[in-house]
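S.K.: For the protein sequence lines, the chains are A and B, in the order given.
For the first sequence, the numbering used here gives the first residue as 1, with consecutive numbering after it.
For the second sequence, the numbering used here gives the first residue as 1, with consecutive numbering after it.
No wet-lab data here; the hints were simulated from the structure.
Quantities reported herein were computed from a predicted structural model and do not represent experimental measurements.
Glycine included, each C-beta is placed from N, C-alpha and C at the ideal position.
Among the hints, erroneous ones may be present.
[What the hints assert, rightly or not] Calculated from the model, a selection of chain B residues having no Cβ within reach of chain A, i.e. all distances over 10 Å: (1) Ser30; (2) Pro33; (3) Gly126; (4) Ser231; (5) Leu238.
[Unchecked claim] Just a few of them, taken from the derived set where beta-carbon distance is under 10 Å, the chain A residues facing chain B: (6) Ser45; (7) Arg48; (8) Leu49; (9) Ala150; (10) Tyr157.
[What the hints assert, rightly or not] Here are the simulated distance ranges between beta carbons: (11) Pro85/A x Ala50/B: 28 to 34 Å; (12) Pro22/B x Gly39/A: 34 to 40 Å; (13) Arg83/B x Arg193/A: 21 to 27 Å; (14) Asp190/A x Pro106/B: 49 to 55 Å.
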Amino acid sequence: MNASEWPAPIVRRLARHALLALCAPLALAVAQSPVPQRGALPEQSLYRLASRWTNYDGRSIALADLRGQPVVVAMVYTSCTMTCPMITREMQAVQRDLPPEVRARVRFVLASFDPARDSVGALRQHAEKMGLDDRWLVVRASPSDTRQLAVLLGVSYRQLPSGDFDHSNIISVLDAGGVLQYQSPRVPADRPRLVRSVLETAQARTQK
Amino acid sequence: MTRRVVFAILLCGGAVRAAAQPAPAPRFRSVAPGPVRPMFIAGVPDGGLAVAGFLLAERPVSNAEYLRFVTANPEWQRSRVARIAADVSYLRHWAGDTRLGPEVVPAAPVVNVSWFAARAYADWVGGRLPTTQEWELAASRFRTSISGDPDRVNAQLLALSQAGARDTTPLAAFRIVSDEGVTGLFGGPSEWVDDFNTVVTSGESRGDSGPDDGLFCAGGAALAADPSNYSAFMRYALRGSLRGSYALATLGVRVARDSPATRSRGPR
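Bound-form chain B, shown alone (with noise of 0.2 Å):
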């Protein structure tokens, strides 16, 4: 009986230090500035958008990351959250309110997660989203780890994706680590981009005809860039069938931040 109150109280005391935790530091790291071909934009020059360099989590966020944020933000709990900023699969894989339960792997990437939640967790942490041409040039950075030939760092990196996708093992895809260190950018689940609301084509439009013009204005203009890059096309596909409320399995977060040469206000 004792021992049982001692049990209690130590589960209490548990319970009051995880409430009173801060936000977790994601774990930086430095993307250089590069070009990226964005596709479905018309009117980029041959080289390429010059993209500023910035800096991007080494992985995206965790379970157990997001178990944090939910307890100190109990708004964000799943039988809190208003239907309007997280649909009804929001964390639909967890246990409970702030419990994972036995299935869920604390260190995975955290999926059933909506656009603003995703923004709420960046900004809670102290930093913000990536956007999509930010992610993209992060997952160009894979020269020199696989192959020099960018169509050979295509076919590898989408064996490495369906590679991840045969592994059942959820931390598998951290092990795909680019060439300045971030991990799980293929192969496991896709990520929230700030501007995922971007790609404006309508549901109709194939590869060689302009969308409705009625719905968009200049959109018959843009065109895919590179359809022989799969896996960015799949990502776009992707990005340009979402809206910010759904909370799906194969959808996780990363959490980005200005670079310090570029932050006019400087760390937080």
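Pulled out of the complex, with its shape left as it was, chain A reads as follows (with noise of 0.2 Å):
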């Protein structure tokens, strides 16, 4: 006797178990993650190369932990004494200009690209000095993860016998799949642009 041959119910109630047990671990997935969509990232989503990140609270975290919310994100040093604190001074207006239940959701992100320099402690100080709320994230990598993030958003550095870098000065917005929408190329930034590029990849993703 073949599955064709067998009545009709029990093949019905037999798909239906199969289904069941096939999409268990899904709904257990999907009930546990924090964030409501978890299909898989889009083709050019920077959360598809893993790095691994520590926060200034000493709190380790993956790139792809910022999955689920729009994100701004540049790259400084912290003993930089040009044009790094205008990055953050800009990211911060960015954050004041936002209407409060956008800036709720949204992640600012400072990566340091002088890991020998910027310890946990280092990144701490800076967080404080520069008065940074709980929506901020500091964070430090190894020197690989580091030079991959900046490649992922077009960062140029370098550091110079000084012990100071060159740099660029990008700031870059990313929406709640890890994918690039807008980048600032420069310090000071075309703050109307930024803002509102936040704000698109904000409803973008409520609309999902």
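Using the supplied hints, reconstruct the complex from the two chains, each of which is provided in its own coordinate frame.
M.R.: Dropping the structure here:
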């Protein structure tokens, strides 16, 4: 007797059980995840490449942990006295200019490209000095993961014999899936445009 | 019929063996420490920057070696790789995901690989990509085999690269051997360096004008050190134009490794 000869109700019940068995782990995974949608990452998602970072409070995070919310990210080094503080101020101004309901959902990330000198302690000092609130992450990684993020963001940096860095002043906006939506190439930035791109990114996510 | 079945079994056996093959061990040459005069960087002392000695593979990675890599790591196959990690040109000269095809010379340097892919390969064989300065150091070691005069070295290297470009056989560059036994640095495909994104110049800048100050921090002071070194100038120009996902027909991979003396954790 093959499957086509089995009574229809049994076949239907078997099919239902099979479906349940298949879906249960998936449903469980969705229930446990803090983010509503957990499909495959988009082809152009930065989160497709793994990297491991340490926040200024000592917490370890993967870049992909930022999934599910719009992210404004820049790379800096904390001993920088030239444009890096301007980059941070620019991002703080964007945060201020957002309506409260959007502001509450956006993450701001400063990633150091100077892991040799930017210890967790140095990052914490920087966060305190700049007055960054709990929507901010100030993170460091291995030289290799640092280089990878810089390449993903199109950020150039190079240490000079003096110890300081030449570097790009790029501020990037990522959507909930980790895809670049907008990049401001310079400081001072075109702030209205930067704010608009964060708003549009946040709204696109609400519609999904 | 029976013979065809036996042949098929042999083929499958071959495929299984290929999949289980370990990572190829690169043949490393030792590059002695020395000074490098990098381009587009301010504040370099007269003697140049001191670069530590390291190990550099004698040859760039071949198509055959890269085939083993994608066989063992299917996420790096042409049809599976994420677009963020490699653009549509990735391995486009191959016949398929795990097939080189009749046009591709297995021993020739693999090209059309992105920086992310190049790094993943280097990691797989227990190495890393060389830095810009390491690569330039290795490429400066032609004094004894060509000429002691730096100007003549440059001219001859340029002639060699052009000869390599005219020579359509893909292995021609292996005949250009550095004093330290590294081949294919000139005359073959260019090669990825780990820190290709260090060239901080804007597209509009000329030799005598600084880049746009708003785009780069401190970039205005960074001008070419020795514009007469034409081939180096071209390498810096290429690196400055790249993105990590680019796969180019003129760009390959070479693996480096820390010298045993400078490795803190010893050999793998």
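S.K.: Each of the hints needs a verdict: does it hold here or not?
M.R.: Now the hints, each set against the structure:
1. Taking the minimum C-beta to C-beta distance to chain A, about 23 Å, the non-interface status of Ser30/B holds against the 10 Å cut.
2. Distance check on Pro33/B: its Cβ is at least 17 Å (rounded) from any Cβ of chain A, clearing the 10 Å threshold; non-interface status holds.
3. Non-interface call for Gly126/B relative to chain A: holds, since the shortest CB-CB distance, roughly 14 Å, exceeds 10 Å.
4. Against chain A, the non-interface label of Ser231/B holds: every CB pair exceeds 10 Å, the least being about 21 Å.
5. The Cβ of Leu238/B lies farther than 10 Å from every Cβ of chain A, with a closest approach of about 14 Å, so its non-interface assignment holds.
6. Annotation: interface hint on Ser45/A holds; nearest CB of chain B at approximately 6 Å, less than 10 Å.
7. Interface restraint check for Arg48/A: the shortest CB-CB distance to chain B comes to about 4 Å, inside 10 Å, so the restraint holds.
8. For the restraint placing Leu49/A at the interface with chain B, the shortest Cβ-Cβ distance is roughly 6 Å, inside the 10 Å limit, so the hint holds.
9. A hinted interface residue such as Ala150/A counts as satisfied when its beta carbon comes closer than 10 Å to some beta carbon of chain B; here the least separation is about 6 Å, so the hint holds.
10. At its closest, the beta carbon of Tyr157/A sits 7 Å from a beta carbon of chain B; the interface hint therefore holds under the 10 Å criterion.
11. At about 32 Å, the beta-carbon gap between Pro85/A and Ala50/B stays in the expected band of 28 to 34 Å.
12. Between Pro22/B and Gly39/A the beta carbon distance is about 35 Å. The supplied range of 34 to 40 Å therefore holds.
13. Distance hint check: the CB atoms of Arg83/B and Arg193/A are about 26 Å apart, consistent with the given range 21 to 27 Å.
14. For Asp190/A and Pro106/B, the Cβ-Cβ distance of about 51 Å falls inside the hinted range of 49 to 55 Å, so the restraint holds.
Checked against the numbered hints above, the structure breaks none of them.
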